[in-house]
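2 protein chains.
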Amino acid sequence: MAKEIPYKIYLKEDEIPKQWYNVRADMKNKPAPLLNPGTGKPMTLEELSVVFCEELAKQELNVTDPWVDIPEEIQNFYKMYRPSPVVRAYCLEKALDTPAHIYYKFEGNNTSGSHKLNSAIAQAYYAKQQGLKGVTTETGAGQWGTALSMACSYFDLDCQVYMVKVSYEQKPFRREVMRTYGAKVTPSPSMETNVGRKINEEFPGTTGSLGCAISEAVEAATSQEGYRYVLGSVLSQVLLHQTIIGLETKAALDKYEVTPDIIIGCAGGGSNLGGLISPFAGEMVRGEKNYRIIAVEPASCPSLTRGSYVYDFCDTGKVCPLAKMYTLGSGYIPAPNHAGGLRYHGMSSIVSQLYDDGFIEATSVKQTDVFAAAQQFARVEGILPAPESSHAIKVAIDEALKCKETGEAKNIVFGLTGTGYFDMVAYQKYNDGVMDDYMPTDEEIAASLAQCPKV
Amino acid sequence: MAKEIPYKIYLKEDEIPKQWYNVRADMKNKPAPLLNPGTGKPMTLEELSVVFCEELAKQELNVTDPWVDIPEEIQNFYKMYRPSPVVRAYCLEKALDTPAHIYYKFEGNNTSGSHKLNSAIAQAYYAKQQGLKGVTTETGAGQWGTALSMACSYFDLDCQVYMVKVSYEQKPFRREVMRTYGAKVTPSPSMETNVGRKINEEFPGTTGSLGCAISEAVEAATSQEGYRYVLGSVLSQVLLHQTIIGLETKAALDKYEVTPDIIIGCAGGGSNLGGLISPFAGEMVRGEKNYRIIAVEPASCPSLTRGSYVYDFCDTGKVCPLAKMYTLGSGYIPAPNHAGGLRYHGMSSIVSQLYDDGFIEATSVKQTDVFAAAQQFARVEGILPAPESSHAIKVAIDEALKCKETGEAKNIVFGLTGTGYFDMVAYQKYNDGVMDDYMPTDEEIAASLAQCPKV
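For the record, the sequence lines run as chains U and S. Counting along the first sequence from 1, when you hit position 99 you're at 99 in the numbering used here, and nothing is skipped either side. Counting along the second sequence from 1, when you hit position 159 you're at 159 in the numbering used here, and nothing is skipped either side.
Hints may be right or wrong, so weigh each one.
Copies of the same chain are indistinguishable here, so a pair counts whether it falls within one copy or spans any two.
[As the list claims (entries may be wrong)] Below, simulated BS3-like cross-link-like pairs (lysine-lysine); rule was C-alpha separation at most 25 Å, straight line:
| id | residue 1 | residue 2 |
| --- | --- | --- |
| 1 | LYS128 | LYS94 |
| 2 | LYS94 | LYS79 |
| 3 | LYS410 | LYS79 |
| 4 | LYS18 | LYS94 |
Rather than coming from a laboratory, the hints here were simulated on the basis of the structure.
Generate the whole structure from the sequences, applying the supplied hints.
The structure is reproduced here in structure tokens:
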């Protein structure tokens with residue numbers, strides 16, 4: 001007989017995974033390597049270590065070891081806010097009157113408000129181990145910057161954050177959280193870097209983009225002694241750290257003998273999605289099991305569903321290595337009325353390859369539909385979700401309603417990556433009925449993609 | 001041998017208490033009854049039921065039953081965000097280099113951001129059971145209003161919130177959270193009620209007070225068919241619901257055979273503190289055990305430490321029953337530079353009586369010291385605390401540092417009632433170094449107390 005499933009499944013503290021899972025080791029088709037934009041050859045450890053902490057550069061290049069030990073200091077930090085619960089959405093199921101069983105892995109119960117802390121603490125740890133003074137980074141919606149501020153404060157590292165201007169202005173309180181944790185926050189594009197000044201000159205009044213903020217943060221890191229650059233998504237090292245999400249999810253579901261039929265995650269740079277699905281995708285690439293995995297992206301930034309799988313620049317300033325990924329072109333900037341994160345032009349190379357190999361589906365959703373789903377979820381499940389996470393909620397609800405039609409009791413699992421407490425400007429727009437939807441034209445995307453490098 | 005204590009002690013879902021504990025039943029000296037301001041006689045169930053839901057009025061008057069069953073619907077809602085963890089503050093202990101063992105009961109992991117939801121869902125449930133259309137209430141810092149909005153949305157009840165004007169202006173995003181949950185939010189004093197118009201006329205430009213917002217909400221409830229008034233603190237019914245905090249805390253500590261030496265809670269209206277300490281105070285009033293219990297209040301609103309234990313009005317408009325409590329006088333309004341909640345002029349009659357009988361100590365702290373403690377805590381424990389909760393943090397740190405001097409390994413337990421995500425205006429003031437401290441003069445308090453009714 002199946003065990004009765006509680007509202008929240010918590011692992012025990014000693015069941016928190018002690019290793020991250022590197023799905024690349026099990027993939028037959030490996031993600032394409034990062035290329036040196038100057039030579040066109042794969043980036044070496046030496047080259048990567050100019051920008052990244054050495055241990056993180058090693059993780060970036062590691063496509064052979066399936067398991068990577070989590071250092072004890074990081075394990076201890078994880079214990080402050082992990083394990084995160086897998087929640088059975090009994091109230092949502094009831095509200096939808098669906099036979100589906102809906103589960104979500106909730107990563108929002110920490111002050112950064114999202115899963116970003118899982119990688120922030122790892123990156124801060126390796127920076128500290130290397131004896132660095134500090135790190136630089138970019139942040140879009142502010143979740144990553146907050147997470148990194150917390151992590152740096154814990155290890156007493158200097159933290160310099162370039163925050164996409166539109167978010168900086170829409171989320172003044174995010175800045176104060178970061179300051180409370182001791183970080184220096186600069187709106188991007190700024191006048192503090194060469195690349196920032198250049199972009200401000202070329203595009204006066206620009207509201208910024210993640211690609212641009214990355215360029216500024218990289219310049220700041222490489223122009224200061226004892227600093228390195230850290231990134232909150234896209235990179236394979238980040239996805240590796242985020243596998244803690246999927247490993248905990250799988251362990252929790254296994255305890256109750258629940259096998260997901262559908263696994264849903266929102267996709268911006270791809271690290272949350274990749275982290276959630278890695279253990280499941282691992283079973284798929286090893287030919288052991290089959291799941292339906294759905295990546296959900298905003299209609300205003302549809303890299304998987306409308307982009308091309310090519311080598312592209314990771315940043316607007318073109319100072320970073322080239323990555324092969326589903327991309328809209330490094331110059332692509334979603335319209336300012338797009339709320340929240342998921343605004344990066346490209347997708348994690350791991351997620352891109354899994355998608356290209358058919359292990360993942362992708363779909364895009366409009367933001368007013370996303371906020372409608374967010375509000376519905378908030379009212380019945382009691383958690384005010386982040387706009388990013390609400391993309392996954394929207395599709396989870398859609399799939400649950402399909403089950404209602406067919407009468408199937410599918411197990412639907414989605415990633416609830418964070419809370420929306422700092423997204424109330426966007427919620428206000430939705431509450432006031434003044435939020436609109438934006439979708440780029442095919443011509444806009446083609447023009448942006450035409451700028452990709454020829455490799 | 002003592003068991004190793006995890007970072008977070010979680011009860012199992014089926015260990016969530018199924019009854020609230022009514023400490024009044026075990027108190028030898030009962031709290032003084034509420035009085036009818038017209039007749040001077042104890043309020044009857046009939047009289048109370050004009051303002052309050054009937055079942056809640058019964059709970060208000062119940063001084064005999066030690067245990068009150070929690071209805072199943074409320075138990076189910078509790079399962080969405082409870083049990084809340086008892087956290088061992090290993091990182092704070094290390095940062096302070098103290099031999100003390102510090103524990104905190106964390107009530108902030110829900111969208112209302114605080115313990116207020118424990119009573120909100122109970123009050124909404126009883127309103128729904130009674131067939132009401134909706135409820136009215138006041139909110140100060142906004143935690144209560146948010147919690148009630150969530151609870152009313154869950155039970156599909158109309159929710160009208162009068163929000164103290166200073167908080168309404170400092171916390172626009174709180175309003176949007178409430179709106180997302182479907183509530184109507186009005187800054188108080190408003191021009192929508194007689195009492196609001198009167199206060200606006202008498203004190204033009206007033207930033208409002210809880211006492212005034214209460215008067216408006218009561219008037220709104222009694223002037224609309226099918227509405228009742230609900231209150232987020234002070235009342236004995238609210239304290240009763242909040243005993244879920246203390247019961248869970250005691251059960252969690254008992255599991256690891258931990259006996260608190262000191263129990264610390266912040267005190268505004270007293271329901272969080274009372275809820276936390278009730279099971280422990282129960283052992284004390286029954287003569288079974290002894291604990292050191294410390295109520296911490298802001299220096300700018302020091303009802304226990306500088307008020308008088310007399311009958312007073314519960315609201316500025318003098319429409320509510322009289323309560324015997326430690327009070328600063330119903331006209332007392334803390335200076336506008338006082339951040340966050342804990343701004344009510346009086347204290348729960350249960351807490352007042354326990355304090356008067358010597359079962360509780362009280363101390364007051366300055367707000368710059370409170371924010372310094374908040375920042376220290378945030379940086380090492382990873383949780384950005386509410387200003388209210390940080391009053392308890394401040395004293396917990398002080399007590400832990402005393403242990404460092406004496407070498408004692410005391411068990412210090414405090415209530416971390418909520419998170420500060422909507423208090424970033426106050427944090428910004430602190431970060432910018434422009435926050436100041438305010439303490440009323442003896443003359444101000446005496447003048448305010450002189451307005452108390454003669455009973």
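Verification of the hints:
no.	hint	result
1	LYS128 <-> LYS94	between (48 Å within a copy, 19 Å between copies)
2	LYS94 <-> LYS79	between (33 Å within a copy, 15 Å between copies)
3	LYS410 <-> LYS79	between (32 Å within a copy, 23 Å between copies)
4	LYS18 <-> LYS94	between (36 Å within a copy, 23 Å between copies)
Violated hints for the displayed structure: none, as all numbered hints are satisfied.
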